[in-house]
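*Asks:* One letter stands for each residue in the lines below.
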Amino acid sequence: MKRTLLIVFALACAVFAAGAARAGSGVVYVYNWTEYIPEGVIEQFSEETGIKVVYATYESNEAMYAKLKMLGNKGFDVIVPSSYFVSKMAREGMLHEIDKSKLPNFKNLDAAYLDQPFDKDNKYSVPYTWGGTGILANPGKLGTMPTKWADLWKPEYNGVLLVQDDLREVFGMALKAKGYSLNDTDPKHIEEAYKYLKKLMPSIRTFNSDSPKVPFMNEEVDAGMIWNGEAYVAMGEVPALNFVWPEEGGILWMDCMAIPAGAKNLDEAHAFINFILRPDIAKKMVEEWGYATPNKAAMALLDDDMRTSRVIFPDKATMAKSEFQDDIGDAIVIYEKYWNLLKGEQ
Amino acid sequence: MRIFWIACRLLPVYVFLYLPLAVLITFSFNSSKYSTAWKGFTWKWYAKLAANTQLVEAALNSLTIATLAASIASALGVLLAVALFRYRFKGRDLMQAGLFVLMMSPDIVMGVSLLLLFVAMGLNPGFWPLLTAHVTFCIPFVAATVYSRLKGFDPNLIEAAEDLGAGEFRTFRHVILPIIMPAVLAGWLLSFTLSMDDVIISFFVTGPDFEILPLRIFAMVKMGVKPDVNALSAIMVGITVCCVFVSHLLMRKRK
Amino acid sequence: MSNSRLFRRISIGSAAVWLTLFALAPNLLVLSASFLTRDEAQLIAPLLTLDNYKAILDPLFMRVLAKSLYLAAGATLICLVAGYPFAYTLARMKTRFKPLLLMLVMIPFWTNSLLRTYALIFLLKAKGLISLCLLWLGIIDKPVSFMYTETAVFIGMTYTLLPFMILPLYSSVEKLDLRLLEAAGDLGASKFKIFRHITLPLTMPGIIAGCMMVFLPALGMFYIPDLLGGGKNLLVGNFIKNQFLVSRNWPMGAAASIVLTLLMLVLVWAYHSSAKRLGKKTEGTAL
Numbered sequence: 000m001k002r003t004l005l006i007v008f009a010l011a012c013a014v015f016a017a018g019a020a021r022a023g024s025g026v027v028y029v030y031n032w033t034e035y036i037p038e039g040v041i042e043q044f045s046e047e048t049g050i051k052v053v054y055a056t057y058e059s060n061e062a063m064y065a066k067l068k069m070l071g072n073k074g075f076d077v078i079v080p081s082s083y084f085v086s087k088m089a090r091e092g093m094l095h096e097i098d099k100s101k102l103p104n105f106k107n108l109d110a111a112y113l114d115q116p117f118d119k120d121n122k123y124s125v126p127y128t129w130g131g132t133g134i135l136a137n138p139g140k141l142g143t144m145p146t147k148w149a150d151l152w153k154p155e156y157n158g159v160l161l162v163q164d165d166l167r168e169v170f171g172m173a174l175k176a177k178g179y180s181l182n183d184t185d186p187k188h189i190e191e192a193y194k195y196l197k198k199l200m201p202s203i204r205t206f207n208s209d210s211p212k213v214p215f216m217n218e219e220v221d222a223g224m225i226w227n228g229e230a231y232v233a234m235g236e237v238p239a240l241n242f243v244w245p246e247e248g249g250i251l252w253m254d255c256m257a258i259p260a261g262a263k264n265l266d267e268a269h270a271f272i273n274f275i276l277r278p279d280i281a282k283k284m285v286e287e288w289g290y291a292t293p294n295k296a297a298m299a300l301l302d303d304d305m306r307t308s309r310v311i312f313p314d315k316a317t318m319a320k321s322e323f324q325d326d327i328g329d330a331i332v333i334y335e336k337y338w339n340l341l342k343g344e345q
Numbered sequence: 000m001r002i003f004w005i006a007c008r009l010l011p012v013y014v015f016l017y018l019p020l021a022v023l024i025t026f027s028f029n030s031s032k033y034s035t036a037w038k039g040f041t042w043k044w045y046a047k048l049a050a051n052t053q054l055v056e057a058a059l060n061s062l063t064i065a066t067l068a069a070s071i072a073s074a075l076g077v078l079l080a081v082a083l084f085r086y087r088f089k090g091r092d093l094m095q096a097g098l099f100v101l102m103m104s105p106d107i108v109m110g111v112s113l114l115l116l117f118v119a120m121g122l123n124p125g126f127w128p129l130l131t132a133h134v135t136f137c138i139p140f141v142a143a144t145v146y147s148r149l150k151g152f153d154p155n156l157i158e159a160a161e162d163l164g165a166g167e168f169r170t171f172r173h174v175i176l177p178i179i180m181p182a183v184l185a186g187w188l189l190s191f192t193l194s195m196d197d198v199i200i201s202f203f204v205t206g207p208d209f210e211i212l213p214l215r216i217f218a219m220v221k222m223g224v225k226p227d228v229n230a231l232s233a234i235m236v237g238i239t240v241c242c243v244f245v246s247h248l249l250m251r252k253r254k
Numbered sequence: 000m001s002n003s004r005l006f007r008r009i010s011i012g013s014a015a016v017w018l019t020l021f022a023l024a025p026n027l028l029v030l031s032a033s034f035l036t037r038d039e040a041q042l043i044a045p046l047l048t049l050d051n052y053k054a055i056l057d058p059l060f061m062r063v064l065a066k067s068l069y070l071a072a073g074a075t076l077i078c079l080v081a082g083y084p085f086a087y088t089l090a091r092m093k094t095r096f097k098p099l100l101l102m103l104v105m106i107p108f109w110t111n112s113l114l115r116t117y118a119l120i121f122l123l124k125a126k127g128l129i130s131l132c133l134l135w136l137g138i139i140d141k142p143v144s145f146m147y148t149e150t151a152v153f154i155g156m157t158y159t160l161l162p163f164m165i166l167p168l169y170s171s172v173e174k175l176d177l178r179l180l181e182a183a184g185d186l187g188a189s190k191f192k193i194f195r196h197i198t199l200p201l202t203m204p205g206i207i208a209g210c211m212m213v214f215l216p217a218l219g220m221f222y223i224p225d226l227l228g229g230g231k232n233l234l235v236g237n238f239i240k241n242q243f244l245v246s247r248n249w250p251m252g253a254a255a256s257i258v259l260t261l262l263m264l265v266l267v268w269a270y271h272s273s274a275k276r277l278g279k280k281t282e283g284t285a286l
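Chains as they are written, first to last, in numbering that gives the first Met the number 0: chain A, 0 to 345; chain B, 0 to 254; chain C, 0 to 286.
Honestly, the hints are just simulated from the structure, not real lab data. Note that this is a predicted model, so its numbers are computed, not measured. The beta-carbon is built from N, C-alpha and C at its ideal position, and this holds for glycine as well. Be aware that a few hints might be false.
[What the hints assert, rightly or not] As a list, the in silico DSS-like pairs of lysine-lysine whose alpha-carbon atoms are at most 30 Å apart:
(1) A/K283 <-> B/K150
(2) A/K140 <-> B/K150
(3) C/K97 <-> B/K150
(4) B/K38 <-> C/K141
(5) B/K47 <-> B/K32
(6) B/K38 <-> A/K51
(7) C/K275 <-> C/K174
(8) A/K140 <-> B/K225
(9) C/K231 <-> A/K177
(10) C/K275 <-> B/K150
[To be verified] Counterexamples of contact, computed for chain A against chain B with all Cβ distances above 12 Å:
(11) G25
(12) G49
(13) A55
(14) E91
(15) D150
(16) F312
(17) K320
Full structure from sequences and hints, please.
*Replies:* Here it is, written out as structure tokens:
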């Protein structure tokens, strides 16, 4: 009996010791997308600043948002929502204002990406990286290369397509192909997109927005929509793959660092954001993940073939046709209804 | 000839169960990062895994939770099984039904309902909710194993002990407990496994400062490209096999 | 005497308190949430409504449910067909390796199920082992992939749940009275007849228990269809998860959970009554 008591006591001590160690200062809780920070950056940050990083990941804005709601905006100090979630979360009072006096590296950012409509004067957010969704395909195996979204509906792509498992992306593609805005809130247009997508369903081999490059690299799929960064990595592994920005225009997004309203470690959070804004770190992010950087100072450090890559940095004409994803308000309910119909009717 | 037929019926199942694990372990030594082609032997994925402090911390967290949850669930499960076996009381059927539902309810429903409970209680997701949730889904499994063990033995023994004037506590301590011990151990082991394997319920009830291994594995598997996942699986399979054989040997010695 | 009452009180009390707090209360909360209204900022607004159930009774959800039932039933059937001969042979074997052989069935179950699912991908993909073997044998001339198909989902579910089928079957075969089989054989009954009229009915409790142990977990599963099936089908598990995490329609998710729980209760009740009809003490094996 005594021994049992001792064991229980020891276990209890271990638990409280673990809890106490965690409560100390010099910690920052970062909640980021999966595979979105280069290897070694977190370690480098901890080494240089002495701040411990607790790092957790999510695979969609929605999951991050839901988790934060459940936690009452507490628990994390830095999050990386997409632009359209920044406006939504700021409106709902879920974000803390950014103190730019604590971000000396803020000046490295390109003014072209600041003061955007989703967050005037960057009150709540700092650009992290940006990118877009286009088409990746293996023309060698297909015998043809798609050049626009509408091409994916052609019979030769039957059973070989990958599409993102994200309703905004998939509906964005269909809306673009139909000539509408990807932020369209007109129920008729959304329904039209749904009917159009229904015709695409038999061609789809898999939905994947966790790591869409993997089915391409495993040669499970031959064409599909994909984030440019993922495409960049996949093309490095399988040279036969080819990426295009569709003629209708790509689906652009910008992910921004923000601080939840209930964050406890504000100084550490700013230190982390400031660290990410350093040109050498921003450069690493481009090199490892192939996403474009809003960091002007980092651009100067990049190799020529990276800086001129049209996969990572779309040209002016593409940019003009493409659109950034925006908050669509209550229309999301309509999107969800048709998304469920799309998948439920299989 | 008979052996041949027996092998015909047994082998396919074993092959089916072990082939994927064997392939996975083999590829954990492959030096190529993405492709499945064999590009030479390496230990580097194991080194990388060991250097991944976050993963190691998550693993330690998981071991803590699994040990605590299995122990608490075993204690409560034993009390429950004994209560159900020995006493007739109001709500006994209800309790039995409740246990069954708890055992069978889909993870997703349990995760969601516990989350609602913790939100209603104003409890932040994290260590305590996680522990409570794990204990809750382990209890019915312990109770079931212990109960079936109790069913299988002679109730006269207990009566004899009581006739001899042993109080309930002493009867429990000196008669019931030794008899059910193997079942308690089995229940503990099962609880430990369930706790180490749970993704869905944990996802809902754990918070940012208590990251656990199954959730990390979930993220890694969804990304599913790098061979460090293979190395991790190889280690986990290795640990399991070791544990099983050690316990097997201990049991044999005891006999 | 007070000592003995105390023990009785502690054992019943602790169990009752825990079950009420963490089994009954959460389910009641889900039940009440299912009658409330969705709210974007607060998640749930205290407005009574039946809309969630109306939405659930929509043909869409019924199709989702039907698809989930179909996948779970298919996986159960495959497990039964694959598991029965195995469990029967193993249970009837006379060798000292029997405990070891049974242990070997359990080992995969003790390893993380996600990692096991991940391991399957290595076999099923276009550049995977099966495809390479078939190529090497010359059966096919270009790589074939089993990924993102219904077959892959069935294989994945079977792989994860097979031990749950084998164990109850094994214990029911082991309890089988061999003299009955011998007597029937002596009376000239054919092997098939013996199986049909003696073995099968007597192992029925094991079959039913095994089917329940496979079917119910299979019903709520979602990561296997996502990882191996390509996420093309909306299943009950995904549907509920999406309501809570993606659409943030908690009341709707709660209503779907309630429907799933009710369905399960019906199945459990059917199991219990069939077990009683079989006149077997299944209470011990499955409580």
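*Asks:* Now look at each hint and say whether the structure bears it out.
*Replies:* We went through each hint and held it up to the structure:
{"no.": "1", "hint": "A/K283 <-> B/K150", "result": "64 Å, violated"}
{"no.": "2", "hint": "A/K140 <-> B/K150", "result": "64 Å, violated"}
{"no.": "3", "hint": "C/K97 <-> B/K150", "result": "25 Å, holds"}
{"no.": "4", "hint": "B/K38 <-> C/K141", "result": "22 Å, holds"}
{"no.": "5", "hint": "B/K47 <-> B/K32", "result": "12 Å, holds"}
{"no.": "6", "hint": "B/K38 <-> A/K51", "result": "37 Å, violated"}
{"no.": "7", "hint": "C/K275 <-> C/K174", "result": "18 Å, holds"}
{"no.": "8", "hint": "A/K140 <-> B/K225", "result": "25 Å, holds"}
{"no.": "9", "hint": "C/K231 <-> A/K177", "result": "23 Å, holds"}
{"no.": "10", "hint": "C/K275 <-> B/K150", "result": "17 Å, holds"}
{"no.": "11", "hint": "G25", "result": "14 Å, holds"}
{"no.": "12", "hint": "G49", "result": "15 Å, holds"}
{"no.": "13", "hint": "A55", "result": "6 Å, violated"}
{"no.": "14", "hint": "E91", "result": "17 Å, holds"}
{"no.": "15", "hint": "D150", "result": "27 Å, holds"}
{"no.": "16", "hint": "F312", "result": "25 Å, holds"}
{"no.": "17", "hint": "K320", "result": "31 Å, holds"}
Checked against the numbered hints above, the structure violates hints 1, 2, 6 and 13; every other hint is satisfied.
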